[in-house]
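Novice: Those protein sequences? They're chains V and Z, same order as listed.
Okay, so the first sequence: first residue is 1 according to my numbering, each after it adds one.
Okay, so the second sequence: first residue is 1 according to my numbering, each after it adds one.
Fair warning: there could be bad hints in the mix.
To be verified - Capping the alpha-carbon separation at 25 Å, the derived lysine to any residue pairs in SDA-like fashion look like this:
1) Lys142(Z) <-> Arg97(Z)
2) Lys142(Z) <-> Arg188(V)
3) Lys74(V) <-> Tyr27(Z)
4) Lys143(V) <-> Ile196(Z)
5) Lys256(V) <-> Lys142(Z)
Keep in mind the hints are simulated off the structure, nothing from the lab.
Predicted model only: the values in this text are computed from it and were never measured.
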Amino acid sequence: MNRQGPQPSPRNPLDDIDWDAVRQYQKLIYILPALLLLALGAYTSYYIVQPEEEAVVKRFGKVVAMKEPGLHFKLPFGIDTAQMVPTARVLKQEFGFRTQVVGGRTSYRKDQQHRDESLMLTGDLKVIDVEWVVQYRVSDPDKFLHQVREPEKTLRDVSESVMRRIVGNSLGSDVLTEKRVQVATTSRVELQKAMDYFDLGIQISTIELQDVTPPETVKPAFNEVNQAEQERERFINEAEKRRNQVIPRAEGEARKVIAEAQGYAAKRINAAKGEADRFASVYKAYRDAPAVTRQRMYLEMIDKVLPNAGKIFIMDENQTSPLPLINLGDSKTSLPTTR
Amino acid sequence: MNTKQLSFIGGVILVIAAAITLYASIYTLDEAEQAVIVQLGAPVGDPVTTPGMHFKTPFIQEVRRFDKRVISWDGDPNQIPTRGEQFISVDTTARWRIADPLVFMQRVQNERGATMRLNDILDSVVRDKISATDLVEIVRSKDWKISEADLARVQLSGEEDEETLLQEVKTGREELVKSIFVQAASQMPEMGIELIDIRIKRIDYVEAVEQRVFDRMIAERQRIAEQFRSEGEGRAAEIDGDTKRSLSEIQSEADRQAEIIRGQADAEASRIYSEAFGADPEFYAFLRTLESYPKAVGPSSTLILGTDSEYFRYLRDISVQKGASK
């Protein structure tokens, strides 16, 4: 601008500026912001979508495109914005407990707040503690971002409501046992219906019932029932054991009694047969010479009897009875006379 | 400073002013937003609901933005008596959205104001409906049905509230919620709000009632346990009795068979005897008697025999003969 040579006077303040130096840096003043602008532009004109994600691209706030995983370019300076939504990942909401992973070790936490989530009324107006997990996936990232302000909270609220409706329409003892699966399936269907109603862009994969238990204070009583059930089995088993001990022994004894009777029978019949045979032989001899045989048999008998008898008194029929003189103390039998 | 410098500075100011004016006349709406254009305090035109870039008159028009998405409303748990005078704690949750941002802005100004109005309306509707409904109607759904088998099973386990179990559900939870929704939704349009959904999130007994229910559950379980035990004892006694019966049966059957065998043997023996001895009963009697003498007479026996007996006949006869011969 002021291209006149240096003049000593009058002194203009502008003259003190070393315009050569200014001119030297003048370019830089333009280049530096331009460079910065360029860098910012470059930085804001690309984005990377991770493998499990999908990108929603908005121009001036309006959705213009969805992008698959990979490197993509967009208009810089916030004209285009990209929001990543993990559509391929299975997400999880826990009800009635929280999983904590500390140093690779998984533990479960259940506070009062979580208890409030899981305690509910059953159809028979009892209370039950139902823990469950909802697994879901974002199926439509556009809807997921723009239909409902708090999609997760909505999912949680609806899931609690649905679970309570279904459990409230079932018997508590059923939910504890055989209806577990049915409760899970029904609630999944109903929750999905609600998600579709809200157009939430969420796909429910599964609902899994975790611990389903009676409330804490009632648990001991439930355990008592289990114990009593086992006790019942024990009583029955013990009685059966006793029976198994006694019956076989009795059967053995019964066989013994019968065998003894059979022994008796054999002995009795054999004895009879033997005696009959002997009689037959003796009788055969007797029939040949009855009188002599009879006499002989009688005498043979006397032979046997008399030597064995303790005392023998022979009385004449005319004599008076000696009885007063005889000590009959050890006498047992008197032999009747044969006629 | 010369004119060149001045014009440069003026130019810069002009560019900046133009930029500011442009900036003030452009606005963007996000996909989740809607807006009302207000000109010096008065709304102008229809609310803007399409996302993207829009223009307005700079400086005198301003953009009031509202959420276009569905918004959550979460009520405080309310203690409400049901028609059966049972106190329960009811926690409701609702979804709403700003259907008409202009009306919304005029009536409730912002979401805070809306939430306060919603608290009033929804709490009161829920309270009205719940307190006019029986507890079973709130807990159960219309398709509540208890089968004969279920009833038998539940009764077996000692539950007494058969009446409650069988109580027919006239409206049920879904109908109740629907009627709450209808009544609440009718009051929404005047606020520029659309009620999307309202549901009962939680129903719980209030603390005092809960304790009573727990006590009842405990008592019931104890009854069941007692029943199991006595069932076990009963079955054991039955088995023991059965065992005793089997024992007597086995023993008496054995005795019976033994007696039959013995009897048959005796009969057979007797038949053999009579067949053999029948040939000459007199001889049998003679033989049998002879045989019994040696057995009957032992060392401790004393025999007193008359001289006239058969055996001593000769003893006397001989002495007589002797005396006669002298």
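Novice: Could you work out which earlier hints the structure fails to respect and list their numbers in ascending sequence?
Specialist: 1 and 5
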